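First to last, the sequence lines map onto chains A and B. Going by our numbering, the first residue of the first sequence is number 1, and it counts up by one from there. Going by our numbering, the first residue of the second sequence is number 313, and it counts up by one from there.
Some hints here could point you the wrong way.
Claimed, not checked - Over 12 Å on every C-beta distance to chain B, these chain A residues come out as not near it, computed from the model: (1) D6; (2) H23; (3) V79; (4) N88; (5) K90; (6) Y94; (7) L117; (8) N121; (9) D124; (10) R166; (11) E170; (12) K172; (13) H179; (14) V211; (15) R260; (16) L289.
To be verified - Reference listing, derived: stretches of chain A covered by chain B, where coverage requires no fewer than 3 residues with Cβ under 8 Å from a Cβ of chain B: (17) 46-55; (18) 58-71; (19) 99-107.
As the list claims (entries may be wrong) - With a straight-line cut-off of 30 Å between C-alpha atoms, the simulated BS3-like cross-links for lysine-lysine are: (20) A:K125 / A:K111; (21) B:K484 / A:K3; (22) B:K484 / A:K90.
Hints were generated in silico from the structure; no laboratory data involved. From a predicted model like this one, the values you see are computed outputs, not experimental measurements. C-beta atoms are modelled at their ideal positions from N, C-alpha and C, and glycine is treated no differently.
Here is how the chains run, residue by residue.
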Amino acid sequence: MLKINDLTKNYGSFTAVNHLSLHIPEGELFGFVGPNGAGKTTTIRIVCGLLKASGGTVEIGGSKAALGTKEMKRMIGYVPDFFGVYDNLKVKEYMDLYGSMYSMNSKEIAKLSDDLLELVNLTDKKEFYVDTLSRGMKQRLCVARALLHNPRLLILDEPNSGLDPRARVEMKELLKNLHSMGKTIIISSHILSELSEMCSSIGIMDHGKLVTAGNMDTIMQGIMGDVSGGKKIHIRISAGMEAAVRMMKEYPNVVVESVRENELIIGYQATDEEISALIGRLIQSQVVLTGFYQEEGNLESLFMQLTGGEEA
Amino acid sequence: MRINPIVKKDLQVSARSMRLAWGLFGYEAILAIAFLLAMMVIREESRSLYGSGNIYNSMVYLFPVIGISQLCIIALITPIITASSISGEKERQTFDVMLTTAMSPFSIVFGKVTSAVVRIMFYVLGSLPIMALSFIVGGLGWSTLFLYLLTVLLLAVFSGSIGIFCSSICRKSITAVILSFVFYFVVYGMTFLPLLLRFILGYNDAGESLLALLWNPGAFFEEYFMITMTGESLISTEMLRKDDVGAITYWFMERNIWVYVSAGCILVLTILFMLMAAWKVNPMHSSGGRKPGKKKKEN
């Protein structure tokens, strides 16, 4: 659906986006992650035709038309991070305005806006003035507005910023719904836990470069398999710590990561069966185990690992 | 015919605000004051020693008084409306979304200018009863009124185009408004520059330097009112000899077509300003943009 090749954006000597290449297949819910100033918004603005790139190409839906042309604009629905609304304009009129900006006729707009307002749960607010809506409602209305011309690609820049927890949940559900309908969605966010829950693939940007991108499950497996050469296992030991450490140091493919008062953390490149065999050996060798668990990989840990601990 | 969505939205939004009602009231009030003052002066003059004694003959002078008053107000308020249109959208953070729609930058600019001109025409049409007095009792023809409305339209579009151009290059409305008036004076002043240069360089005649005044809306209106009121041109063969001016200038004077050519020149300038504004708002034409900084958070 979206193919970005060698995209570069320079502001004088500062490079905001540095030779970025990315491919997002159709039907993906793609999460775009990166610390502040990583170049996410710049990339999004270039794709939406709001910024001229210094170099590189962008293809949307197989079309190689220049960005900012009507053809490209019709393929994108854009929800910016900060947006305003017009005073004295009703929800219905707001939808009508944007529909007519896509040369849609009033009948078509009325039909589609009814459906979309129902989708974003704003049917009862149709006659309300837009500026009287809450931040969460305005955000959902903006999503409905972006979908009005049935774009092939929906781009949301920080859609959850400034929303209360309830509105965030509603937004997440809405995006999941749209994804299940087959829409291709790109969402940039700082709330990594939410992204890991709903995205089917992610891309992590740092200093204008794409650090990693791909399917969410593959990346998560990658995190778990990337800790000191193996899976990270926490073993709680109440007696026999010295014997346990000695044994682990001699055990093949095991790396002792840390030894605490009652906890031993190891990295082990092994299958689940091999892990259970290791635990059995420990119990047999008179080490008193009170518990053990395998550390789960998460987006936060991957993000911190890849961006050198910079905050998202 | 499809109405430009921006015109529709702007009119819808402004019609619901009190600003339009107060604006209309203020506009009519100023015109009414100008009318009463003019009436007072006309009355005093007709009763004076050298006056004709017939007030109705002098009523015709209400037309230039009210007409010029209107033009001054329009020249003042149109750039204010358009200068704050695009920069206002930027301040309201609605402009980016507008640019991502299927509307072309020129149709956005055209819509903004049109909505401002339509609002100005509301004011002008509202003032017609006052204007009509000088026609009913002053003896001016209705075609004069129609032509006057056309010239008002020309001034509104011209002032609006200057405003929209400034709005396209400024981020803040207040800067755009100030810049519009600076541009106004630059456009007015520049047209006198060739004439001034000729005098400085010691020429005894104006040559073709008067042609620059074709681009000056002030000179256009002066000429327009002169022809309407007296039937004579301000820049005429009676005023200037063939040797005083260049061949082209003399040709315009001889055929009495100065006002029409000037209207065309002002229209060209208007289109040029609008095209420049459309070029400026098109993100694909801007050289590099500014480095993104910290954005203002919405409450």
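Evaluated hints:
1. D6: holds, 18 Å
2. H23: holds, 22 Å
3. V79: Given that some Cβ of chain B is not farther than 12 Å from that of V79 of chain A, nearest at about 8 Å, it is violated.
4. N88: violated, 4 Å
5. K90: Per Cβ check, K90 of chain A is inside 12 Å of chain B; nearest 9 Å; violated.
6. Y94: Check fails; 9 Å does not lie beyond 12 Å.
7. L117: holds, 18 Å
8. N121: holds, 21 Å
9. D124: Given a closest Cβ separation of 22 Å, the condition holds.
10. R166: R166 of chain A clear of chain B: closest Cβ-Cβ about 18 Å, beyond 12 Å.
11. E170: holds, 18 Å
12. K172: holds, 20 Å
13. H179: holds, 21 Å
14. V211: Holds, because the least Cβ-Cβ distance between V211 of chain A and chain B comes to about 20 Å, which exceeds 12 Å.
15. R260: Check passes; 42 Å lies beyond 12 Å.
16. L289: holds, 51 Å
17. 46-55: Coverage by chain B holds here, the residue count being 6 at a Cβ distance below 8 Å.
18. 58-71: Satisfied; 4 residues make the cut.
19. 99-107: Answer holds; 4 residues pass the 8 Å Cβ test.
20. A:K125 / A:K111: holds, 16 Å
21. B:K484 / A:K3: Cα-Cα ~36 Å, so violated.
22. B:K484 / A:K90: Within the cut-off at roughly 26 Å; holds.
Checked against the numbered hints listed earlier, the structure breaks hints 3, 4, 5, 6, 21; every other hint is satisfied.
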